[in-house]
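**Q** Residue-level listing of the chains:
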Amino acid sequence: MLSYIAKRLIAGLITIWFIATATFIAMHLVPGDPLMNQKAVSAEIRLNLERKYGLNKPVVEQYFIFMGNMLRGDFGISYTQQNRKVNDIIKDHFPVSATLGILAVFFAALGGILWGAVTAIYRNRLPDIVIMFLVILGISVPSFVFAALGQLLLVNINQFAGQSIIPVAGWGSLSHMLMPSMVLGLGTMALLTRLMRSSMLDVVNEDYIKTAKAKGLSPLRIFFRHQLRNAILPVITVLGPQIAAITTGGFVVELVFAIPGLGRYFVQAVQQLDYTVIMGTTVFYGAFLVLMVIVVDILYGFIDPRVRLQ
Amino acid sequence: MTHSSELSATDFLPIHQETKPELIARPSLSYWQDAWRRLKKNVRAIISLYLIAALAFFTLAGPIIWNVDPALQDLNQISQAPSLPKQATLVENYSPWSVPVDSSLPAEPDEIVDEIDPVVAFRLAEAASTQTVRLLWEPLSDAGGYNIYRNESKPEGFNDLGLPLASISAGNQVGYEDRLNLKAITYYYSIVPTDGFDEYDQYTSLKVEPMLTITVREALERNILETQRDAVKGSVITLEFHPFGTDYLGRDMLARLMQGARVSLFIGIVAPLIYVSIGIIYGGFAGYFGNRIDQFLMRFADFVVALPFLLFMILFKISFGIGPGESGILPMLLALVLLLWPATARLVRGQVLQIREQGYIEAARILGGKPGYLILRHIIPNTMGVILVTLTFAVPSAIFTEAFLSFIGMGVAPPTPSWGSMCNEGVKTMLSHPHELFFPALFISITVLAFNLLGDGLTEALDARMRSRE
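Top line first, the protein sequences correspond to chains A and B. For reference, each letter of the first sequence is one residue, going 9 to 318 in this note's numbering. For reference, each letter of the second sequence is one residue, going 17 to 486 in this note's numbering.
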């Protein structure tokens with residue numbers, strides 16, 4: 009087990025190196041230059057600025073400096089936000105995105121497992137048909153439409169109540185988080201519902217379910233002990249990548265609900281060509297993604313003993 | 017054995033077959049015929065096929081039938097709601113109306129009274145039109161002025177008179193002209209007499225239904241009439257028709273949706289076609305050769321898979337740059353291809369690893385088939401089913417990605433419309449003009465839905481295991 013974890017971690021490190029290199033190359037292909045947005049400056053000031061950010065050195069040297077700094081966990085200083093370190097930007101805004109993402113995955117997993125189980129039990133009957141129709145809707149409608157509709161719903165609720173019960177935008181209390189995280193989790197919930205349904209239907213035909221029935225176990229016990237526990241496994245496998253995808257993919261929800269998450273800063277940095285913030289955010293998110301996948305794979309070994317044996 | 021040198025060529029002719037043996041077999045079906053037969057039974061998949069055909073028609077033939085310039089801005093027609101064709105009556109250019117005054121009465125009454133009668137004979141001076149509504153009433157000798165209100169529903173009381181239009185401070189004025197943004201709907205005008213400053217609590221209402229009219233000058237400006245000579249006063253002409261309304265710059269939504277469909281579907285279909293092809297070749301060779309080559313190729317694919325998709329989508333898109341006047345479709349296509357090929361490569365590799373061990377591949381190899389021939393002729397055709405399903409599911413995800421990026425302003429550059437960028441524009445005016453968000457979002461949803469349902473149907477139809485279950 010330990011050697012397995014070590015192997016995975018080393019592979020993860022190489023992957024992160026690849027991500028960083030790809031980011032660096034992509035960044036240096038971008039037309040225009042990061043000092044373009046500064047006010048018109050004289051040649052000397054420009055030279056000084058280039059020296060400050062190390063832009064006067066050859067690209068290869070810049071690459072090694074970037075890699076060296078990254079190894080020490082230093083992503084540099086933002087180009088556009090005065091004297092603000094990229095590390096600080098990540099430290100301030102990543103927790104917001106992560107909270108939003110974790111809440112969203114929580115909603116998605118809870119809903120997905122519940123609805124998936126319900127549809128499998130009522131296969132081809134009314135609840136199944138209704139839920140699967142909603143699932144198809146959830147998969148087919150873009151997230152920004154849900155975000156807009158969610159906000160509209162909040163406006164109407166507040167109007168109906170005559171006072172602001174749930175804030176329509178912003179960040180802070182739990183009531184701020186509720187609607188954005190539900191909207192963010194909707195697509196994943198639909199995905200998980202489908203997965204859970206097909207997984208449940210696969211499990212129903214397994215021999216051990218027949219055995220359990222033959223032993224005379226109560227249907228409820230069969231459902232919880234045997235069917236649900238085994239059917240949940242595929243759902244857990246996709247959960248890790250989903251957490252990362254949701255956390256890194258919350259741009260739209262962050263934009264619509266005016267949430268100060270990292271996604272919003274990334275979009276802003278791209279628009280302003282803020283080299284260091286773009287590179288720092290991308291590498292950080294890439295590392296986060298890699299780590300999440302490893303963690304889930306290892307956890308999976310604990311949940312499903314069959315995997316550990318391999 | 018005796019020498020039978022008498023044998024001739026005729027001895028080797030086949031015996032004439034008298035009767036055909038009875039055949040007890042259903043007609044043989046190829047894999048694809050069988051899959052098609054099963055797909056046809058799937059109602060949802062067939063509906064989605066029709067939907068896709070309709071979308072293709074909308075995109076390709078639509079602009080020929082609906083020949084409206086999607087880039088034409090008409091600032092007179094901003095954010096018009098969807099409507100049926102409107103007919104307007106052509107009228108004279110506007111000429112000013114001198115408001116009638118009853119000179120037998122003083123402008124200000126001699127003394128201010130506490131109570132006053134309501135205004136009587138509140139009426140129209142001439143037929144109401146969307147150009148002008150001219151109101152007349154009998155003056156009140158004790159009034160110091162009048163306030164005029166306009167409401168779109170019947171006033172239910174003094175506090176429900178609607179929009180205040182004017183405060184007239186002459187008790188002997190007996191007319192008022194309203195030209196404020198008139199539409200062809202029902203209005204309720206109310207008049208309240210005042211003492212010059214304060215209102216008396218009396219009001220009189222009048223229901224008015226203006227007729228939709230257009231002046232000759234306006235018709236010429238909006239290119240509805242070509243020349244002055246066509247202008248026959250009193251004739252009914254058809255106004256510009258916007259079945260799906262107009263957007264915030266007065267551009268026709270239907271024409272924009274059609275052009276947007278070209279962008280969205282182009283990216284949505286071409287990008288998957290390219291990257292699935294790359295994935296097939298890459299995965300096919302990795303799987304076929306195995307060992308070292310396989311490990312090296314797949315490790316590289318794993319790296320690409322690990323890149324955070326949306327971040328790199330944005331990064332690559334700006335890296336490839338958008339010059340002035342370019343739409344940014346190609347950078348997006350390139351970014352999608354660069355990031356998404358490994359998924360197909362992995363899938364195809366797995367399939368190839370299985371198929372490679374099958375007997376018929378061995379047979380072909382013994383017969384002298386070269387690797388390229390084996391891969392192209394035997395292995396890839398056998399993975400076609402899985403690939404087709406991948407391709408079908410890849411289309412909606414590419415359309416989503418395009419819409420998503422355009423929505424956050426990182427997609428195709430204006431003025432090129434795409435469904436995503438139209439949603440981005442529409443969401444800003446969502447509350448007042450919901451149609452600007454609704455239609456592009458609807459088209460995205462229908463397209464994604466159709467391809468998803470088709471993908472589900474194909475998965476079931478192409479699954480060879482399903483054959484035995486029937």
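Calculated directly from the structure, the hints in this document are not laboratory data. Note that the coordinates shown come from a computational prediction; the quantities given were computed from them, not determined experimentally. Just so it is clear, CB atoms sit at the ideal spot from N, CA and C, and this is done for glycine as well. Check before you lean on any hint, since a few could be wrong.
[What the hints assert, rightly or not] Cβ-to-Cβ under 8 Å is the rule here; a few derived chain A residues that face chain B:
1) 31
2) 32
3) 260
**Q** It remains to establish, for every hint, whether it holds in the given structure.
**A** Hints versus structure:
1. Checking residue 31 (chain A) against chain B: minimum C-beta separation of about 7 Å stays under 8 Å; hint holds.
2. Below 8 Å, beta-carbon pairs count as interface contacts, and residue 32 (chain A) has none with chain B, the closest being about 11 Å; its hint is therefore violated.
3. Taken as an interface hint, residue 260 (chain A) checks out: its beta carbon lies about 6 Å from the nearest beta carbon of chain B, inside 8 Å.
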